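Residue numbers (the working numbering), protein chains in the order written: chain A, 3 to 418; chain B, 2 to 256.
If you're looking for bench data, these hints aren't it; they were derived computationally from the structure.
Being a predicted model, the structure only gives us computed values, none of them experimental.
We put the beta carbon where it would ideally sit given N, CA and C, even for glycine.
It is possible that some hints are incorrect.
As the list claims (entries may be wrong) - Short derived list, chain B residues pointing at chain A, Cβ under 10 angstroms:
1) E167
2) A174
3) E177
4) A180
5) V200
6) K201
What the hints assert, rightly or not - Covered stretches of chain B, as calculated for chain A (at least 3 residues, CB under 8 angstroms):
7) 134-142
8) 181-191
This is what each chain is made of:
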Amino acid sequence: MHLMYFTEQPMSAYDEHAAEEGVTALLFSNSNFDPVAGSQLYNDRLTEYKLAEEVGVDGIMLNEHHNAPFCMQAKCNIWASVLAGATERVKIVLLGNPLPLADNPIRLAEELAMIDMISGGRLVSGFVRGGGTEQLATGVNPAYNRERFEEAHDLIVEAWTRPGPFRWEGRHYQHRVVNPWALPMQQPHPRIWIPGVLSRETVVWAAKHRYPYIALNTTIEATKRIWQTYDEAAHEVGYDPGPENRGYLLRVHVADTTEKAMQNASQFMWMQGEFTGLAHPVWSNPAGYASPRNREALVEVMNGRRPPPRAQSFDNQIENMQIIAGTPDECIRKLRTILEETRPGILALWGNDGRVTHEDSMRCIELLGTEVMPALRDMGAELDLDGPFDSNPPVSINYDEAAKARAASAAAASGD
Amino acid sequence: MSNGYTESTIEVAGLPIEVRRGGDGPSVLVIHHETGNPGWLEFHDALSAQRDVILPTLPGWDGTERGDWMRSVRDIAAVCSLLLDELGVGDATVVGLGFGGYIAAEMATANQSRLSGLVLVNAMGIQPEDGEIRDQFLEAHADYVKSCFADPANFTALYGEEVSTEQLVAWDANREMTARTAWKPFLYSQTLPHLLPNVKTPTRIVRGTGDTVVPATAANQYVALLGDAELIEIAGGHNLESDAPEALAEAIVAS
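Chain A on its own, in the form it takes in the complex (with noise of 0.2 angstroms):
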């Protein structure tokens, strides 16, 4: 298994009374922002993402939101850079960067080759749309977010494998002159694993491409039919997913006590449990941005005419393990479940959130090294759950050859 521990690096300092009028993403004021106290939660990520590498943990998950408190990360190249300087062992697992919002993707390609070499080839290079408020955030037009993705993603994956000097004249993205001067040390390419929540059409696109899907705080039922999707159409491009394709992000908060663990992991709940922030679901949805085939459900929400999804409940959530909180002991029963049901090779633990202080979040992060992820370890060689880099599978469809001869030989005996 590949074990990850992960914060959404919330942006905590602020007048709680700021956000009364309900909105804490995109319009919520950056007046209400403080940078001196920005410098504080910084630094205090940075030690504990060193400790996290001390204690054990594989991998170190980071992520990037704009316009909104619930994540410090504006760039998660920035952190990533940051990692591979002051770390020397965990993986650099970027979940990921917002490829729309890119308008020269040849940058993001030079960017992420160089956190390679500097981390001396510990990059996972996660790619994702980016939420809809991350759009008009950004000013990038949502109607066209899924090509710009899929475009971003080809140039960035030939900027990295094809020899240049070449040309790339597409439809969002046109560089007479493709030829960076800094390439990735992992060969091909790093890893590339693709995380979402909603969107199937996602999910179908990562296992065309054979990369890891890793389901963002979904349900255990949820989940599992992500990962009927994805088989499907793994299968179809010829290819038999097991748990290395499969990655699952879970809230995990353990301390000491019951008591400590169960009061701190109601932080989870500090944006009434909307883990993007509160945002008006315009705003989270913009027209082009999501599947038309959800359009009508969409525009009923957002005119008011049925509630939004909210999240459930804290004690729903803690009932239906979406948040798991306890001693090691409680924690480690708890995830054997999630483990058995859901069967991921890939697993993020989000340790800590809202305001729960520095201090109880190194001793989250203490316990879950060297109790929680100890006993996983051993449950994952147990269940045979092996990540990718237990067993080493092709980075992507295109170096897998024996998938493309069972594709081929499928489509020759069905006359396509």
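Following the hints, put chain B in place on chain A, whose structure we already have.
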């Protein structure tokens, strides 16, 4: 009482364009708002009493087929111009409502020789010197469309007490078309102000005194850019064709 109109589908640039047409007299092409084409209204009826009114539904709007290639307002203007060719209309007065005004202005700069008149009604298309064109992407569809009417009763008359889900879906798809063609800069062109001074077509700039979508200064700027343009103010909101159908039709016929 309706003077009646016919419906046809005309292929332009590989796209089936739905066209409503009614009335007699000099041809008038009416280009609808970015929120869509609600059909043949009292306004079109009033206008068709003295004019041959051509009302296309822009391709991609209101459930019609969109061209994936169509990604700018200038593309839409080209489609509208080619539509007149396909209809055999030699010259026409072009009336643009709001976003349609942006398209009409683009048509005029591309080929003014075919325009016998130009009427820009609460037109988008140029960056207001004071204020901003309202950002509909920050508000719910029904709230935005309601804001286009000075008299809420006119909104209700068109869309009912409770807007249908089907209409909400159409507004969202129309909003997507707006994003596809006019996202950045949002609903205006940086080049139109340089091109408009050469347009010699007789032009009327119509401003609804209660328009909350396009700032009032935009109309003044259009007047300044189009040397001989006449500014007409009519009481009503952004959707003047609903708030003041008779007055707007009269302003067009008098042009």
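Here's how the hints hold up against the structure:
1. Interface hint at B:E167: satisfied, since its Cβ lies 9 angstroms from the closest Cβ of chain A, which is below the 10 angstroms cut-off.
2. Annotation: interface hint on B:A174 holds; nearest CB of chain A at approximately 7 angstroms, less than 10 angstroms.
3. Checking B:E177 against chain A: minimum C-beta separation of about 4 angstroms stays under 10 angstroms; hint holds.
4. For B:A180, the shortest C-beta to C-beta distance to chain A is roughly 4 angstroms, which falls under 10 angstroms, so the interface hint holds.
5. About 29 angstroms separates the beta-carbon of B:V200 from the nearest beta-carbon of chain A, more than 10 angstroms, and the hint is not met.
6. About 35 angstroms separates the beta-carbon of B:K201 from the nearest beta-carbon of chain A, more than 10 angstroms, and the hint is not met.
7. Only when three residues or more bring their CB closer than 8 angstroms to a CB of chain A does the claim for the segment 134-142 of chain B stand; here the count is 5, and the claim holds.
8. Figure legend: the segment 181-191 of chain B, annotated as covered by chain A; annotation consistent (3 residues with Cβ-Cβ distances under 8 angstroms, at least 3 required).
Of the hints listed earlier, those the structure fails to meet are numbers 5 and 6, in rising order.
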